[in-house]
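Asks: What follows is the residue order along each chain.
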Amino acid sequence: GIQVEQSPPDLILQEGANSTLRCNFSDSVNNLQWFHQNPWGQLINLFYIPSGTKQNGRLSATTVATERYSLLYISSSQTTDSGVYFCAASQDSNYQLIWGAGTKLIIKP
Amino acid sequence: DAGVIQSPRHEVTEMGQEVTLRCKPISGHNSLFWYRQTMMRGLELLIYFNNNVPIDDSGMPEDRFSAKMPNASFSTLKIQPSEPRDSAVYFCASLGLDGYTFGSGTRLTVV
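Read top to bottom, the protein sequences are chains R and E.
Each residue of the first sequence is one higher than the last, beginning at 10 in our numbering.
Each residue of the second sequence is one higher than the last, beginning at 7 in our numbering.
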């Protein structure tokens, strides 16, 4: 099965800074998603992005399927952006999501 | 759309008691998943339903766990009898054209 690796594992930033989170996957995928798990434990779907680029406010994501990586960009970070960001992927004919270990992001005021 | 709805949000129970967790998927989503999250093991898939039929329950830890989906808008995960090691956050998710959407989870504490 595929492997999903995320980097960096931890990131501490000052409010207002920009950040880039990376997700590498070992094989072709038909589904790739970015989730934010906030400090209250909720898992929020940020992007469904098996390929291409999407933007939603201060967040954007790009997946280059041919090179097997995806990037999540957070601009003008706010303290509410703190939490763990997960990348998860699945392959054709395989419903099971394979999860990365996550990037723990702390935004300091 | 109200998203995936789980209840209760928190459950504290004594060892040996029966626990029932509930989930309402997003209307029109044909696939439903139950996950468990712990610090030690991260997110684990317990069981997957497609069109209300259990497809893969290989993640269910043992016979004390059972899940049902009597119709397209409702699923339950039952633990009987519960044990302290079952303490975790249990998530329900449904799968649509925009990928997986997770409910807010049920935080279960078994004392």
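No lab work stands behind these hints, which were simulated from the structure alone.
The structure presented is a predicted model; accordingly, all values stated were derived computationally and were not measured.
A portion of the hints provided could be inaccurate.
Claimed, not checked - Among chain R residues calculated to face chain E with C-beta under 7 Å, some are: (1) 39; (2) 42; (3) 47; (4) 50; (5) 51; (6) 60; (7) 82; (8) 108.
To be verified - Here are the simulated distance ranges between beta carbons: (9) 62/R to 117/E: 27 to 37 Å; (10) 11/R to 59/E: 33 to 43 Å; (11) 11/R to 104/E: 33 to 43 Å; (12) 19/R to 44/E: 15 to 25 Å; (13) 61/E to 25/R: 14 to 24 Å; (14) 87/E to 22/R: 23 to 33 Å; (15) 45/E to 87/R: 39 to 49 Å; (16) 46/E to 104/R: 21 to 31 Å; (17) 19/R to 77/E: 37 to 47 Å; (18) 75/R to 60/E: 29 to 39 Å.
As the list claims (entries may be wrong) - Some chain R residues flagged as far from chain E (calculated, every beta-carbon gap over 12 Å): (19) 11; (20) 22; (21) 36; (22) 46; (23) 53; (24) 71; (25) 90; (26) 105; (27) 109; (28) 110.
Quick reminder that beta carbons are idealized off the backbone N, C-alpha and C, glycines included.
Asks: State the violated hints by number, sorted upward, taking the hints as numbered earlier in the document.
Replies: Those not satisfied are hints 1, 3, 6, 7, 9, 10, 11, 13, 14, 15, 22, 23, 26, 27, 28.
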